[in-house]
Amino acid sequence: MTTAVLDAKGLNCPLPILKAKKALQGVPAGGLLEILATDPGAVADFQAFCRQTKNELVSSTQDGKVYKFVIRRLT
Amino acid sequence: MAALPDTAALDRLISERLDALLPQKLAELREKKTASMTIIATKGTLDWAYPPFILASTAAALGWNVSMFFTFYGLNLLKKDISDLKVSPLGNPGMPMKMPFGPDWFRGINWNIPNVVEAGIPGFESLATVLMKQTIQNKGVASIPELRSACIEAGVNLIGCQMTVDLFGFTHDDFIPEVKEYVGAATFLPMARDADVSLFI
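Which chain is which? The protein sequence lines are V and U, in order. Position 53 (the first sequence) corresponds to 53 in our numbering; numbering is contiguous. Residues are numbered in our numbering as their position in the second sequence, beginning at 1, plus a constant of 1000.
Just so you know, these hints were derived from the structure itself, not from any lab. Beta carbons: idealized from backbone N, C-alpha and C, even for Gly. Be aware that a few hints might be false.
Stated by the list, open to error - Computed, partial: chain U to chain V, Cβ under 8 angstroms: (1) Ile1054; (2) Ala1061; (3) Leu1062; (4) Asn1065; (5) Lys1139; (6) Val1141; (7) Ala1142; (8) Pro1145; (9) Ser1149; (10) Ala1150.
As the list claims (entries may be wrong) - Chain U is nowhere near these chain V residues, computed Cβ spacing over 10 angstroms in every case: (11) Leu11; (12) Leu15; (13) Glu34; (14) Pro40; (15) Gln52; (16) Val58.
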């Protein structure tokens, strides 16, 4: 299954979350969404977002100034 | 003859079972319930437009039911054109005055401009607004029209305060058609009572 990618680099709170929510709607159930962001607040925010929306945060990693989150759509 | 039920023992048993089961039951109910939030938005400046719209759009993204009640200067945020919201550094000692351009050392300077100077220069507020908007753009922060659109798209209920509409001489035509209703405090309070989160901004 292909992974959808959302580039949210340079965007600040709450835009990465709002755009991720929208992008997830285009992902089939069980599918993956990869999000790239530079907002350090996004690390905690994506954890909370996934817990609240009952989706799975598959991974949360950092490469330099870029954070990468992979979310599996469950709901 | 059947023994009479020992009510005291029965009560004790029920109480013990309730103590054991209730926390889990309540947690299950809480988990099942869709969270909700109500916000009273009372400010009509560019800076104060952010907290209500950020919280409302984010809550909606989390799947919560959100209603926003716009009253007094907050009604400004429901106008058809909100691209001209302004911020005032006058009488606002908490607001840093930094320049959104130039080298880093220059951007880092906090220009401490006395109120009497700010008040005396015509157009100072407009200048501050231009600088603030540039900073917002530089930092990748959403614009207010963008956040309001996100709220509307996510189904946030926008509610206007009818009393303030009358007080300030507005008509419903001054506001965006997405405003669901114009009501008073008696309609808002029961909504706030049922909400998990209720904020006054």
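Hints, verified against the model:
Checking U/Ile1054 against chain V by beta carbon gives a least distance of about 5 angstroms; that is within 8 angstroms, so the hint holds. Among the interface hints, the one on U/Ala1061 holds; its C-beta lies about 4 angstroms from the nearest C-beta in chain V, closer than the 8 angstroms criterion. Restraint check, U/Leu1062 versus chain V: the minimum CB separation of about 4 angstroms is within 8 angstroms; hint holds. Given the 8 angstroms rule on beta carbons, the hint for U/Asn1065 is violated: about 13 angstroms separates it from the nearest Cβ of chain V.
For U/Lys1139, the interface hint holds, since its Cβ comes within 8 angstroms of a Cβ in chain V; the closest pair sits about 6 angstroms apart. The beta carbon of U/Val1141 comes within 5 angstroms of a beta carbon in chain V, closer than 8 angstroms, and the hint placing it at the interface holds. Checking U/Ala1142 against chain V: minimum C-beta separation of about 5 angstroms stays under 8 angstroms; hint holds. Hint status for U/Pro1145: violated, given a least beta-carbon distance of 13 angstroms to chain V, over 8 angstroms.
Residue-level restraint check for U/Ser1149 is violated (minimum Cβ-Cβ distance to chain V is 10 angstroms; threshold 8 angstroms). Interface restraint check: U/Ala1150 against chain V, minimum CB-CB distance 5 angstroms, threshold 8 angstroms, status holds. Taking the minimum C-beta to C-beta distance to chain U, about 5 angstroms, the non-interface status of V/Leu11 is violated against the 10 angstroms cut. Against chain U, the non-interface label of V/Leu15 is violated: not every CB pair exceeds 10 angstroms, the least being about 5 angstroms.
Once the 10 angstroms rule is applied to beta carbons, V/Glu34 is consistent with being away from chain U; the minimum gap is 18 angstroms. Against chain U, the non-interface label of V/Pro40 holds: every CB pair exceeds 10 angstroms, the least being about 13 angstroms. With a least CB separation of 4 angstroms from chain U, V/Gln52 falls inside the 10 angstroms interface cut-off, contrary to its annotation. With 10 angstroms as the threshold on Cβ separation, the claim that V/Val58 sits away from chain U holds: the shortest Cβ distance comes to roughly 19 angstroms.
Consistency note: the structure conflicts with the earlier hints numbered 4, 8, 9, 11, 12 and 15.
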